[in-house]
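J.: Here is how the chains run, residue by residue.
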Amino acid sequence: MKVNLKINDLPVAVESGSTILEAAEQLDIRIPTLCHFKMDCFHVEHKCGSCRVCVVEVKGRPNLAPACCTPVMEGMEVKTNTLRVINARRTILDLLLSDHPKDCLICPKNLNCQLQALAQEMGLHHLLYKGEQSTYNKDLSSAAIARDLDKCIMCRRCETACNTIQTVGVLSAVGRGFQTVVAPAGLHPLVETECVFCGQCVQACPVGALSEMDYKYDVWRALNDPSKTVVVQTAPAVRVAIGEAFGLEPGSISTGKLVTALRMLGFDKVFDTDFAADLTIMEETTELIERVKSGKNLPILTSCCPGWVKFLEHQFPKLIYMPSTAKSPQQMMGAVLKSYYAEKIGVKPENLIVVSVMPCLSKKYEAKREEFSHDGVPDVDIVISTRELADMIREAGIVFQDLDEQDYDSPLGESTGAAVIFGASGGVLEAALRTAADWIAGKDLENIEFTAVRGLDGIKEAEVEVAGLKLKAAVCSGLGNARKLLEKIERGEADYQAIEIMACPGGCLNGGGQPYHHGDMTILKKRLDALYREDTGKPIRKSHKNPSIQKIYEEFLGEPGSHLAHHLLHTTYVNRKQ
Amino acid sequence: MTKIQTPAELKELAATLKNAPRPPVKLLVSMGTCGIAAGTADVLKAIREEVAERRLENAIEIVEVGCMGLCYAEPVLMLVDRESGKRLIYGDVTPQQVPAILNAGTAGAAPGTRTLERSWYYPECEAPAPGELQARIVLKNTGCINPEKIEEYLMNDGYAALAKVLTTMSPEEVVKLISDSGLRGRGGGGFPTGRKWSLAAAQPPGEKFIICNADEGDPGAFMDRAVLEGDPHSVLEAMAIGGYAIGAQTGVIYIRAEYPLAVKRLEIAIKQAEEYGFLGKNIFGSGFDFNIEIKFGAGAFVCGEETALIHSIEGKRGEPTVKPPFPAVSGLWGRPTIVNNVETYACIAAIVRNGAEWFRSIGTPGSPGTKVFALAGKISKVGLAEVPMGTTLRKIIYEIGDGIKNGRQFKAVQTGGPSGGCITAKNLDLPIDYEALKAIGSMMGSGGMIVMDEDDCMVNIAKFFLEFTLDESCGKCTPCRVGNRRMYELLEEITSGRGTMDTINKLKMLSATIKDTALCGLGQTAPNPVLSTMSNFEDEYLAHVQESRCPAGACTKLIHYEVTDRCVGCGLCLQRCPVNCITGERRERHLIDQNRCIKCGVCFMACKFHAIEKR
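If you're matching them up, the sequences are chains A and B in order. Heads up, the first sequence is in the numbering used here, so the first residue is 1446 and it goes up one at a time. Heads up, the second sequence is in the numbering used here, so the first residue is -5 and it goes up one at a time.
Treat the hints as calculated values from the structure; they're not laboratory data. Fair warning: this is a prediction, and the values are worked out from it, not measured in the lab. Here a beta-carbon is modelled for each residue, glycine too, at the ideal position from N, C-alpha and C. Hints are not guaranteed to be accurate.
[Unchecked claim] To give an idea of the interface, some chain B residues facing chain A are shown, with a C-beta separation under 8 Å as derived from the structure: (1) D465; (2) T472; (3) P473; (4) V476; (5) K509; (6) T511.
[Claimed, not checked] Short, incomplete list of chain B residues facing chain A, as computed with Cβ under 8 Å: (7) P318; (8) R475; (9) R492.
[As the list claims (entries may be wrong)] Derived pair list, reagent style DSS-like, types lysine-lysine, alpha-carbon separation capped at 30 Å: (10) K1483(A) to K158(B); (11) K317(B) to K1451(A); (12) K1447(A) to K317(B); (13) K502(B) to K1524(A); (14) K258(B) to K158(B); (15) K275(B) to K158(B); (16) K1524(A) to K317(B); (17) K509(B) to K1575(A); (18) K265(B) to K1575(A); (19) K1575(A) to K593(B); (20) K1451(A) to K509(B); (21) K551(B) to K602(B); (22) K1813(A) to K1929(A); (23) K310(B) to K1763(A); (24) K1524(A) to K1451(A); (25) K12(B) to K1547(A); (26) K1990(A) to K1789(A); (27) K500(B) to K1504(A); (28) K1492(A) to K551(B); (29) K608(B) to K551(B); (30) K500(B) to K1524(A); (31) K500(B) to K420(B); (32) K1929(A) to K310(B); (33) K1492(A) to K310(B); (34) K502(B) to K1575(A); (35) K310(B) to K2022(A); (36) K509(B) to K1492(A); (37) K1524(A) to K551(B); (38) K12(B) to K1933(A); (39) K12(B) to K(-3)(B); (40) K1673(A) to K1738(A).
Chain B on its own, in the form it takes in the complex (with noise of 0.2 Å):
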């Protein structure tokens, strides 16, 4: 393979390989591992062997992709027409529908199938259409191209961002380009990415490193495995403008080892950038050197916390260290290094190619551009959705992702994680971004979004998230690793019924001191869920403590099922029954045994009568 060279190079490179001769008809497979999970694989392969048969080479373009987006509706397939641009997406798609979906082309949705309407996701442009919910930079190519070609890659606009800026900036400009588009940190707090690269270009020369957090963890946040699965060069090209920008030759990924697609797929684009000659030597006969290599996390979610991540990759135990000394100043191996996660880095070649002005235009003032969210919990249409930062999180919930499962009603939906704080449907209309959210007790995180519905009891939701942080804490300082200890003996006490009014005093207490004092982000936050569940839904606290009651019906020890006068005796709950507690003769009303019932809800379930109830 040749290398290229210069700026002018890339752009023929690119112009040929766009008008070489292609199918009319393009399908692509979502081969990311939600796909792959759902079974895509299988679905490939049918699909591999009726084009082979029925020879529709010449017909059909099949191109794999990374995460569509649509992870609902796994496996998901999608036709173009590339004349017309007319599209269609298949959902839950089985490998006995193949033939069928191949015959229809996309003339019209094939019999048996599930299409779905909503193309919301491909708006195809880096700045939103007038209109569109969405916009798509960091999500750009992924689930649009083929992440291990990156010939794909190239064809849209792949490193020519790069090439911009080796051959016409420098690495102040790239600096301050960076800086006057207001990029915040995509990772959890919101730092201006910026700030972060022009501390570290200020400090003298000498080795320094860039590193990409891949580290993600966040329950319930999966944006930074889309890119790296569906578009991993967009990350590469990105360290390397940022090593070009502070004066660094080396570029470190730590990514989680529980990533293998996206680690397959990033080893891959490594050999190929470096075979084009966009990482190595002289990139675009700059005279920049700039290398990458991989580094794996062993899934520690504390790990993803700067100077924890940075002893980590220096073969140290993964515990975070007090700042100041910032990375920036000194971090890995004792030298500047910029932490950067993986969403972060997918905005930097977009603005580079576009201007900080037109990132500013995206978003809001404090928050410019987008932010992609994960959709989890109870929600209609659980996926990634990128949206402009401001929008709110109406439109995120009921307008892509299609409102609450099963008709339920909206309870809270909590952002940030583990660190951040639920919201209520009071600020569903709020416009979200950093400030907005911290403003309203919770905060970004990393982008994942918990929906939850009124089954769902809200001390159990603060205790859910509480006890992942108790598995995930390093245990270095005392208030995150006992403190968080006692937090979570404390909801316990509420949840089973033991709890008092002092209960939740020593919870709020506690809670304040943990924030105050722990050593890193991971423990200063943890009490959030706690506080804002507090703040929000005071009266379920009370009612767990005061009457005994979980107004959900979610605390398996403060309810009880028990047969109402509408039981006709039919004996399917005592069949059903696993303790065998239930009694009654046939036609007569049955009778739970209190003291022996386990609570499972089995007989809730079977009665056909409604003639049990939760209480």
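Bound-form chain A, shown alone (with noise of 0.2 Å):
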């Protein structure tokens, strides 16, 4: 049903339940919002009306309305420019500041700051009120996220993404009053916590409360350090993203600008994750075939992502026999290069340093993790994100967009397209079964676009069938979505033999370390484009076809699940239930 009202004096009809934010999209009438997030295609809105920032005069409401959260009524008449409204907005962002660090220049957020933004957009250019600020202690415990809550400005988006999306629910409001901050129950350092650092709440965040933890300086260090070999891997999402930060148009494909990029920063070799999901692949696929002839452990789980995996240590413990015991790429590509990359080149893993680019936050806190050392010495020694890396290349007076197009290091830069759209959701699934298909039809199949399992959708099914064998495969993204089907397992209501699951929404393309997309999906949906078509374009799309995987199974593993790929590229879990 559609509801007439009027905006500034124009009419406008919307379908009944409608915001008058809404209303006035459609009229192209800008209102400023700060609290406000909507990630439509992930079917989320946070709208808790707390910042006041878009508040609007509504004929006969005696208070001022804020128009994120004000459904639209029959007959309603709405001015967005008043001098009431006017004196309010701006009376409400100068009590934001004043209670805001006004440290821009050094902000992890600075000019990606959506309360910077504001300030300017509102030509907000002195303040009226001053006083007490809040203070607390930077949580700079984990190796993933830092909190900085000196800047929270209680729009609780973070919430939203911790609660109502991830359903991690480690992220609430604490205290009252003018000490209410967002944080952990019992202001907990994130360390402490069941966080599974997936960083959607620093994708979330307006402001510079939650950014990243900051290695650059670790990898400029050992760049320039003469007695360490470095290199470096990029993870496939990264190659799609990367290019925003630049002012290339979202969904550009950069891989080659990125790898001359690292080569002019002076990495020693570049190396490409993707040679490790093709590896991946290899175990994997292994696994999955074994489990589903058998019979025994299945579904079988996906394990490629940190915050995922982290999130069934701790909420279903009992689950965690059902994951593939593979690594992910990272730290398969960490614990290839520090054993039989380093041997080859004569390198002691100690002195070869090995660097991700990571689109995650969570990578960061994988690399850490005791699993992945081996007496004291770390398979990937640092982890950056899509966006410090950006930082980087700026640093270093790199002109990116400018950049010739380069090739990978070989042998382990080589990949399949089926590598490359591990950074989409489904990516892994679809990946696997173009192997899987080949391996029991014993042919190599043409038909190996498996479109059921793309996209953006939370949670996405197909059935496949392949020389006689059927399989039947679930993919989900985003933890609340692997809540419900994780629970669906535990009562015995699934019959999935094969489930891949990442913890951002969309995938890695999502990830917590990728360019900023306040909340515009039109970039995930252009990130993921780019995926598909770097996909097509790639001559060899299935990783057993990777010759470079072929050759270091012959050279060095043996076989796919042979002792020694179990040695280098398998590991366990652990029960985190507290």
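Take each chain as given, in its own frame, and dock them per the hints.
T.: Right, dumping it as structure tokens:
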């Protein structure tokens, strides 16, 4: 049913149940917002109405109405720019800034801050109100997420990300009055909580209260240490997002420029996590086929995503036998580099520094898991996010957008289309199915696209029949969706054989370490398209056809699932239930 | 215990109970929280011992009652001669006085005791007797019956209203009755109760809830506690009536955990009501089921706001959400829910018994019925008073409250707690109801009245109320979380002598924005004490910022003490000064070192020659 109203004297008809903000959008009237956050492709709208920046005048209502959460009514008359509204809006912003540090120049969100943008948009050049400012200790306890609560503006977006989307439930409002802040219960440091470091809170935070732990300087130091050989690996989702940091159109594929930039930064070798993704498929698919054939320990769950793995360890410890024991691509690459490759080039593992560029913040935590170190030497030494790499490229004076395109180093830089789609939700499963189908059928199949598992939907299902073997698979992204699926499994109501789970909604392309999307979902869709374009453009699109993969099994690992492969490429999980 | 299944059985039981033989004298002992805090428990112990020793069990019936409203004189006892109806009220009773009081009986005051002249608290009727200042609807039984004995409630028409509703009225008729009565929510906003009920009743059938808001938290308001401690069944009965009217089968009492006695008495009352069948399945054979559970609040004032209250019951953080949707449409667990406060419920049974017409005959056309006020602050007789709406403040303060303490001058009275405003002498003769209070910049609120005298600085008072709101804000929206903090800081600038005209301007602007933009009632009304003191006592604000002077002499940073030439050099002030900042030889005029003086006022009070002046 349509509802008719007027905004600034302009008539508009919108669906009943719409908000004033949505009606204004139809008229191209911009109402500033701050706490409001909409991720429509994941069906999430955060509209707690807490910041009050979006207040508007509604005829007949005694006080101002927050446009983001006030439903429209027939005959409503709304004014968005009266003096009363402008005064209120400015005062609200003034108040927010009166309790916000003014160190914008050195803030991790500088130029990416929506509070800063709002102040500029409103032309606020001097502040009326001064007074006590909140002070808290910075939480730098984890390897992944830095929290600076002095900057928290109580928009509660992170809370929605953590509780509603991810159902991790670590962040909530604590305290009352002026002392209210969003934090783990009891103001505990993040590392002591069930946080999985997915970083969706960081993506959601409009200001510098939440950001990644910054390891750029560690990379600079390693690069300039003559005693170290420094190699880098880049995850699939990085190449379709990093261009955004340099003004390239979202969805631009910057693989070649990325490699060039990394060489210019001084990395000795530039490898591709995609290689390890192909390796993962070899191991995981072997396990999948074994389990399906034996009918034991089904369904098999993917294990590429450290956020999801930690979630399982905390929330569903009874199911820790289910994920594939295969390490994530990042850790497989680390293990191969510190053994096979180090030996090959004659460098001691401790003198080989492995840097990862990841779309993810949880990878920073994953690299520090004790399972992934040997004799105190971690397989992956330093993890930086897409954003941190962009910062380094800028700092080095490299004009990214103008760079030539170069290729990854061989042999650990060669990859297939199956690997690049690891960056999207559904990609790992599709890659595994491509290989599984060939192996079961015993021939090189032509039809390799499993489109049912593609896209940004939270839960996707597919039934595949290969050479008489029926496979029911599910893909889910976003931990809230994962919880639903796992609860179904616990109740014995699911009959899947394979499930892919990614912590971040949409998969790694929407990782916590990617350039900020600020709720613009078209960016995510463009990144998604780019990943599948990259896949289609690859000459080889099945992991087991990657010649470098075939070579590493011949030369070093033996066959998938071999003893050495198990030693290097597989891991175990821990019950973290408290 | 046999369950009561018909109204006739209830009537018969009440008659049997009434006609049972009883001792000729009843002795009411005030065992509300206020009485117990003042020492009534010891007095009661002494009474029991004395009665046992002298074998007076058949002569005197001891009745432990809730608050009698005479808080200024607790512990309070009342002797009632059943035959003659003669009463004798004792105040400030000590255990030592008990033998003498029992000796004297109802004949006359015992020597060495304090009797309280006034009997205004006891008209014992639901309608105001002609010429009476008070009516008793809400407090009908409070302070008269033992709240832990359901039989005493039954003797006083208890559950008769529920019986009537369930056996003779349709839910629509009940809603209409309440709408027609004009009853308005007594918790603060004064929203018409009937309208709330009809909105919930109009929702499609299914699970619905009826909630009693017993999260009383206004500073200086304690009438809900008095009702819960003194007459818990009146609330249970009304909730069941409400449940029937809107189609809810579950009632929840949300009560602050700081009211342990009220909780205990509610628990007893619920159990007793269940035993008699007034709660539970098939009440009065009508097929209507209703149960009540108790949920504890953790002491957050904002949980008095209905959406915050509902979130708290759901186990979520107690903070308000934007309305609409209103709880009557989507409330507890997303189901239609009614939230009414204790005093509102306490009116329901009387309305059912006597009709809407009767209720409308009391009070004013816009605000029918009575209102309980809690008198506190600088008033002679601190306590509870229930008066018809439309009574003037002068009558409440001077006739019931006996004027200002220590013969000081009345300055203002704050109604509506931290969300209200102050009312000055010029409005003392205004008949007060919801609209009248709103019109003069205050509000009814829950009915707390804090009386202030000439020693109270109005800037300081505004700061006091704002400080309360600051502590109790949930911190969700910017205007309340940050704005009120800035307001408080601006007020502090003024009371410490750092304020300028700019400070006052900022206060005005900020108040306007906060009122206009805060999310819930708590934030929207937080500036009220500031705005109303600014408009009524602007001169005091100006004195602070323009002359660095606090006219009431309350802002310590703006006052100083000086020794005048009346000083005889006795040295008493010098001895008493806690920071040794007074010097002077014996028999010579002393001197206060202003740099070290902490303005505690000890010297001022100590001086027997009035030689120290506060300036």
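J.: For every hint, state whether the structure bears it out.
T.: Hints, verified against the model:
1. Contact between D465(B) and chain A, as hinted, is supported at the beta carbon level, the nearest pair being about 6 Å apart and thus within 8 Å.
2. With a cut of 8 Å, the hint placing T472(B) at the interface with chain A holds, because the nearest CB-to-CB distance is about 5 Å.
3. Taking 8 Å as the C-beta cut-off, the interface hint given for P473(B) holds, the closest approach to chain A being about 6 Å.
4. The closest approach between the C-beta of V476(B) and any C-beta of chain A is roughly 4 Å, which is under the 8 Å cut-off, so the hint is satisfied.
5. This hint holds: K509(B) has a C-beta 7 Å from the nearest C-beta of chain A, less than the 8 Å allowed.
6. A distance limit of 8 Å between C-beta atoms decides the matter here; for T511(B) the minimum to chain A is near 5 Å, and the interface restraint holds.
7. About 6 Å separates the beta-carbon of P318(B) from the nearest beta-carbon of chain A, less than 8 Å, and the hint is met.
8. Interface hint status for R475(B): upheld, as the beta-carbon distance to the closest one in chain A is roughly 6 Å, under 8 Å.
9. With a cut of 8 Å, the hint placing R492(B) at the interface with chain A is violated, because the nearest CB-to-CB distance is about 12 Å.
10. For the hint linking K1483(A) to K158(B), the alpha-carbon distance of about 53 Å lies beyond 30 Å, and the restraint is violated.
11. Between the alpha carbons of K317(B) and K1451(A) the distance comes to roughly 21 Å, so the proposed pair stays at or under 30 Å and holds.
12. Among the hinted pairs, K1447(A) with K317(B) is consistent with the structure: their alpha-carbon atoms are about 21 Å apart, no more than 30 Å.
13. The hinted pair formed by K502(B) and K1524(A) meets the criterion: a straight-line CA distance of about 24 Å does not exceed 30 Å.
14. With a CA separation close to 28 Å, the supplied pair K258(B) and K158(B) stays within the 30 Å bound.
15. For the hint linking K275(B) to K158(B), the alpha-carbon distance of about 17 Å falls within 30 Å, and the restraint holds.
16. Proximity of K1524(A) to K317(B) is assessed by CA-CA distance (about 20 Å); at most 30 Å being required, the pair is judged to hold.
17. Note on K509(B) and K1575(A): the hinted pairing holds, with a Cα-Cα distance of about 20 Å set against a maximum of 30 Å.
18. Taking the CA atoms of K265(B) and K1575(A), the gap is about 55 Å. The hint is violated against a cut of 30 Å.
19. In summary, the hint linking K1575(A) to K593(B) is supported, as the alpha carbons are separated by about 29 Å, within the 30 Å threshold.
20. Pair hint K1451(A) plus K509(B) holds up; C-alpha atoms about 25 Å apart against a cutoff of 30 Å.
21. At roughly 25 Å between alpha-carbon atoms, K551(B) and K602(B) fall within 30 Å of each other, so this suggested pair holds.
22. As the CA atoms of K1813(A) and K1929(A) are separated by approximately 29 Å, the hinted pair is consistent with the 30 Å bound.
23. At roughly 28 Å between alpha-carbon atoms, K310(B) and K1763(A) fall within 30 Å of each other, so this suggested pair holds.
24. Distance hint between K1524(A) and K1451(A) is fulfilled; the C-alpha atoms sit about 8 Å from each other, no more than 30 Å.
25. Among the hinted pairs, K12(B) with K1547(A) is inconsistent with the structure: their alpha-carbon atoms are about 75 Å apart, more than 30 Å.
26. Taking the CA atoms of K1990(A) and K1789(A), the gap is about 23 Å. The hint holds against a cut of 30 Å.
27. Between K500(B) and K1504(A), the direct Cα distance comes to roughly 27 Å. Compliance with the 30 Å bound is thereby established for this hinted pair.
28. In summary, the hint linking K1492(A) to K551(B) is not supported, as the alpha carbons are separated by about 45 Å, beyond the 30 Å threshold.
29. Of the pairs offered as hints, the one joining K608(B) and K551(B) holds, with about 12 Å between alpha carbons and a cut-off of 30 Å not exceeded.
30. Proposed proximity of K500(B) and K1524(A) is supported: the alpha carbons are some 25 Å apart, at most 30 Å.
31. With a C-alpha separation of about 28 Å, the suggested pair K500(B) and K420(B) falls inside the 30 Å cut-off, and the hint holds.
32. About 21 Å separates the Cα atoms of K1929(A) and K310(B), which keeps this hinted pair within 30 Å; it holds.
33. Between K1492(A) and K310(B) the CA atoms are separated by roughly 17 Å; this keeps the pair inside 30 Å, and the hint holds.
34. For the hint linking K502(B) to K1575(A), the alpha-carbon distance of about 16 Å falls within 30 Å, and the restraint holds.
35. Annotation: proposed proximity of K310(B) to K2022(A) holds, straight-line Cα distance about 23 Å (limit 30 Å).
36. Our distance criterion of 30 Å between C-alpha atoms is met by K509(B) and K1492(A), whose separation comes to about 21 Å.
37. For a cut-off of 30 Å, the pair hint linking K1524(A) to K551(B) is broken: about 46 Å separates their Cα positions.
38. Restraint check for K12(B) and K1933(A): not satisfied, since their Cα atoms lie roughly 62 Å apart, outside the 30 Å limit.
39. Distance restraint check for K12(B) and K(-3)(B): the Cα-Cα separation of roughly 19 Å lies within the 30 Å cut-off, and the hinted pair is therefore satisfied.
40. Simply put, K1673(A) and K1738(A) have alpha-carbon atoms about 46 Å apart, too far for the 30 Å limit, and the pair is violated.
Going down the numbered hints, you'll see the structure goes against 9, 10, 18, 25, 28, 37, 38, 40, while the others check out.
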